[in-house]
Amino acid sequence: MKKLINDAGTVVSDALAGVAAAHPGLRVDVENRVVYRASGPRRGKVGLVSGGGSGHEPLHGGFVGHGMLDAACPGEIFTSPVPDQVIEATKGVDGGVGVLHIVKNYTGDVLNFEMAAELCAEEGVEVASVLVNDDVAVRDSLYTAGRRGTGATLFVEKIAGALAEEGAPLAEVAAVAADVNARSRSFGVALSPCTTPAAGKPTFQLADDEIELGIGIHGEPGRTRAAAGPAREIVRVAMDAINEDLPLSGETLVMLNGMGATPLIELYVAFAEVDAYLREHGARAARTLVGNYVTSLDMQGFSVTVCHLTDELTRLWDAPVETPGLRWGR
Amino acid sequence: MDTSFFLAWVDEITRVVAAERDRLTELDAAIGDADHGANLDRGFTAVRAALAETTPASPGALLVLVGGTLIRKVGGASGPLYGTAFRQLGKTLGDAGEVSPAEFAAALEAAVDAVRRLGSAAEGDKTMVDALAPAVRALGAAAAEGAKAAEAFDAAARAAEEGAAATVPLQARKGRASYLGPRSVGHEDPGAASTALILGALRTVGAR
Chain U
66 MKKLINDAGT VVSDALAGVA AAHPGLRVDV ENRVVYRASG PRRGKVGLVS
116 GGGSGHEPLH GGFVGHGMLD AACPGEIFTS PVPDQVIEAT KGVDGGVGVL
166 HIVKNYTGDV LNFEMAAELC AEEGVEVASV LVNDDVAVRD SLYTAGRRGT
216 GATLFVEKIA GALAEEGAPL AEVAAVAADV NARSRSFGVA LSPCTTPAAG
266 KPTFQLADDE IELGIGIHGE PGRTRAAAGP AREIVRVAMD AINEDLPLSG
316 ETLVMLNGMG ATPLIELYVA FAEVDAYLRE HGARAARTLV GNYVTSLDMQ
366 GFSVTVCHLT DELTRLWDAP VETPGLRWGR
Chain F
843 MDTSFFLAWV DEITRVVAAE RDRLTELDAA IGDADHGANL DRGFTAVRAA
893 LAETTPASPG ALLVLVGGTL IRKVGGASGP LYGTAFRQLG KTLGDAGEVS
943 PAEFAAALEA AVDAVRRLGS AAEGDKTMVD ALAPAVRALG AAAAEGAKAA
993 EAFDAAARAA EEGAAATVPL QARKGRASYL GPRSVGHEDP GAASTALILG
1043 ALRTVGAR
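Chains as they are written, first to last, in our numbering: chain U, 66 to 395; chain F, 843 to 1050.
The set of hints was computed from the structure by calculation and includes no laboratory data. Idealized CB from N, CA, C, for every residue including glycine. Wrong hints could be hidden among the right ones.
What the hints assert, rightly or not - Okay, derived cross-link-like pairs now, EDC-like style, lysine to aspartate or glutamate, Cα gap no bigger than 20 Å in a straight line:
| # | chain 1 | residue 1 | chain 2 | residue 2 |
| --- | --- | --- | --- | --- |
| 1 | U | 266 | F | 864 |
| 2 | U | 266 | F | 862 |
| 3 | U | 110 | U | 237 |
Unchecked claim - Anything over 10 Å on all C-beta distances counts as not near chain U; from chain F, calculated:
| # | residue |
| --- | --- |
| 4 | 847 |
| 5 | 897 |
| 6 | 987 |
| 7 | 1027 |
Could you put together the complete structure from these sequences and hints?
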């Protein structure tokens, strides 16, 4: 498997060096593996820290900047960061009024962020956490580790980030983050597996005429396998799953997210179907994102995330943002 | 058993994890995210580096250092879980310079309890607990009968290997494999497999 890398063991550090060189608005601590805003913490502003395994770029480092995160902690590829990174980031962004941890619901992320939060609290930094778990493909939470955090993470980071920028207190920022998560649902589909640099071969096998339904973002297989069909049918499966879980209505924020190796033209083909589905169900895509935002290395496929908007959430979504991955209004 | 015995155990774990790295990663590719071998290898390599700089005064201090290093270096779920296991093992042993099989058995029981609490996993969930818990029982029973270290560790390693093999028909209820639902059946749990390796290393060192 060909990869544009120097060495499988140094991919994360090498990429962070590139991020640092490309984005003067960021300060990258390559040694401790933390991506900060170059401007540093602002007194009186709640700090936002997220993190997770690498391989999902631009998530999370690409969403550090005005109106979104204050710091991101990239782990090894598909491996959650260690507590030391999170502690370093949390202390580094504390503006004196507390820090919100935005954590995707995976056992490793939860354990490492919890350990970090406890140690930060012992050192006097107030920390609140929001757990993102929007993936409807994981159905029965009694018999699983619970729903995974996927695309809604971006919505939470953007909207909570906007509120924090306005100077809202930690409790309010945490509450809006939890609200965005509660109003969001996602479903992912793979047309091909992905290949981690360490493994050097695909994480699972898919025949030419097969797709994998209900995938996460770590190259893990999904719940079921199905015959490949037209985009219309594939999108319908995803949207049905979302609609069954939280019936569509009203104004929505919709992301049609590429998994890393899906041509943009195909994402737009799929988005047309998403939009038609929403209309059929009395809903409207009031705000949209189409592109690669929460990826899974070189996987072909997509995920759809739908968030039920309120006027306040729309206002916060529209607020200015200036990060490598999202930028408007400034 | 003194500090040098446990140093030898850590060396043997490091060697075995490196040797079995690809097999662990392949098990993880089937029902997880294909990095368990690489992560543990990185963790124990860091442990060896930490031990090259300092020599802990007691078995307990050594195992606490191992656990802390794993927590700091591995990430994922296995870092906190194995790290907590070794830390609890070390903390329970305290600063005694010599450890008997019975004392080690009691400390390993405390370590498994800590893992259960942290991961909220029970036996049958298809996790490392499925190898750890039977190993602790076998070790405790052997130690209670006054078995020598070599016999007790052999019993523990066999129980862990059987426990790991018994995860194959289980459906995962914890961790990333649980997302697969029924499709997790038919694969050995990578965490249970690495636990069997770690206890197998204990048997190897105990037999010397």
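Status of the hints after comparison with the structure:
no., hint, verdict
1, U:266 to F:864, "12 Å, holds"
2, U:266 to F:862, "18 Å, holds"
3, U:110 to U:237, "12 Å, holds"
4, 847, "29 Å, holds"
5, 897, "23 Å, holds"
6, 987, "36 Å, holds"
7, 1027, "13 Å, holds"
Comparing the model with each earlier hint shows no violations; every hint is respected.
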